[in-house]
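**Student:** Work out the full structure, taking the sequences as your base and the hints as a guide.
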Amino acid sequence: KAGVTQTPRYLIKTRGQQVTLSCSPISGHRSVSWYQQTPGQGLQFLFEYFSETQRNKGNFPGRFSGRQFSNSRSEMNVSTLELGDSALYLCASSLEGQGAWGYTFGSGTRLTVV
Amino acid sequence: AQKVTQAQTEISVVEKEDVTLDCVYETRDTTYYLFWYKQPPSGELVFLIRRNSFDEQNEISGRYSWNFQKSTSSFNFTITASQVVDSAVYFCALSDRPGGYQKVTFGTGTKLQVIP
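In order, the protein sequence lines correspond to chains C and B.
Per this note's numbering, the first sequence starts with residue 1, numbered consecutively.
Per this note's numbering, the second sequence starts with residue 115, numbered consecutively.
Just so you know, these hints were derived from the structure itself, not from any lab.
Virtual Cβ for every residue (Gly too), placed ideally from N, Cα, C.
Please note: incorrect hints may appear among the correct ones.
Have a look at the derived ranges for each label pair, beta carbon to beta carbon [to be verified]:
id: 1; chain 1: B; residue 1: K130; chain 2: C; residue 2: G16; range: 48 to 54 angstroms
id: 2; chain 1: C; residue 1: E52; chain 2: B; residue 2: V128; range: 48 to 54 angstroms
id: 3; chain 1: B; residue 1: T192; chain 2: C; residue 2: T7; range: 42 to 48 angstroms
id: 4; chain 1: C; residue 1: T38; chain 2: B; residue 2: K117; range: 16 to 22 angstroms
id: 5; chain 1: B; residue 1: I229; chain 2: C; residue 2: V114; range: 31 to 37 angstroms
id: 6; chain 1: C; residue 1: T80; chain 2: B; residue 2: A195; range: 47 to 53 angstroms
id: 7; chain 1: C; residue 1: R67; chain 2: B; residue 2: Q197; range: 38 to 44 angstroms
id: 8; chain 1: B; residue 1: F168; chain 2: C; residue 2: V114; range: 45 to 51 angstroms
id: 9; chain 1: B; residue 1: Q116; chain 2: C; residue 2: Q98; range: 17 to 23 angstroms
id: 10; chain 1: C; residue 1: G16; chain 2: B; residue 2: K117; range: 24 to 30 angstroms
**Tutor:** Written as structure tokens, this is what we have:
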């Protein structure tokens with residue numbers, strides 16, 4: 001079966017712009033979680049969506065938002081980009097009720113803010 | 115609060131050597147889960163193993179083995195006869211029980227370089 005697909009793989013944006021990243025989970029997986037990975041902070045949880053509802057949220061400013069569609073695909077949006085938002089953004093999908101126990105990660109989107 | 119410590123930032127070994135990656139965790143939960151992931155240069159986090167807190171049985175899978183000891187809150191990972199393809203960053207992670215407010219904490223990672 002197809003894995004978790006994240007698009008685009010690479011992005012370069014300018015400070016102040018906004019960006020939208022996409023994550024298509026494994027077929028049948030209804031939970032999608034997003035993580036930010038930076039050299040300084042490591043892997044940090046952003047949020048989790050299940051059945052089109054945000055179920056859990058990490059400690060990030062309101063500039064970071066997301067949504068999930070009826071087909072379980074999820075998008076995350078970062079508005080008013082800052083240099084510090086440069087990171088690898090990873091999403092993970094899992095079956096209902098499994099949470100991290102059943103995570104499958106995508107290859108990530110590498111965002112560079114200049 | 116949860117915490118995962120991977121004290122080894124970088125390790126270099128010569129091919130065919132054995133190497134152990136350390137992971138020490140802290141949690142107040144009685145039910146929790148531990149994971150190891152491998153991150154090659156491509157960026158994807160590749161799942162290696164998971165354990166729940168009630169399963170202290172150690173495991174061997176090919177060249178990989180894991181030693182889970184609740185008494186010392188450690189979940190160490192050993193690669194036997196390392197190969198160049200093992201070069202990657204390895205992450206240990208801890209989560210509480212699955213559910214709407216599951217908390218997942220990753221260690222800072224250990225970068226392993228296997229020299230041919």
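**Student:** All hints are to be evaluated individually against the structure, with a verdict given for each.
**Tutor:** Here is how each hint holds up against the structure:
no. : hint                                 : verdict
1   : B/K130 to C/G16: 48 to 54 angstroms  : holds (51 angstroms)
2   : C/E52 to B/V128: 48 to 54 angstroms  : holds (51 angstroms)
3   : B/T192 to C/T7: 42 to 48 angstroms   : violated (37 angstroms)
4   : C/T38 to B/K117: 16 to 22 angstroms  : holds (19 angstroms)
5   : B/I229 to C/V114: 31 to 37 angstroms : holds (35 angstroms)
6   : C/T80 to B/A195: 47 to 53 angstroms  : holds (50 angstroms)
7   : C/R67 to B/Q197: 38 to 44 angstroms  : holds (42 angstroms)
8   : B/F168 to C/V114: 45 to 51 angstroms : holds (49 angstroms)
9   : B/Q116 to C/Q98: 17 to 23 angstroms  : holds (19 angstroms)
10  : C/G16 to B/K117: 24 to 30 angstroms  : violated (36 angstroms)
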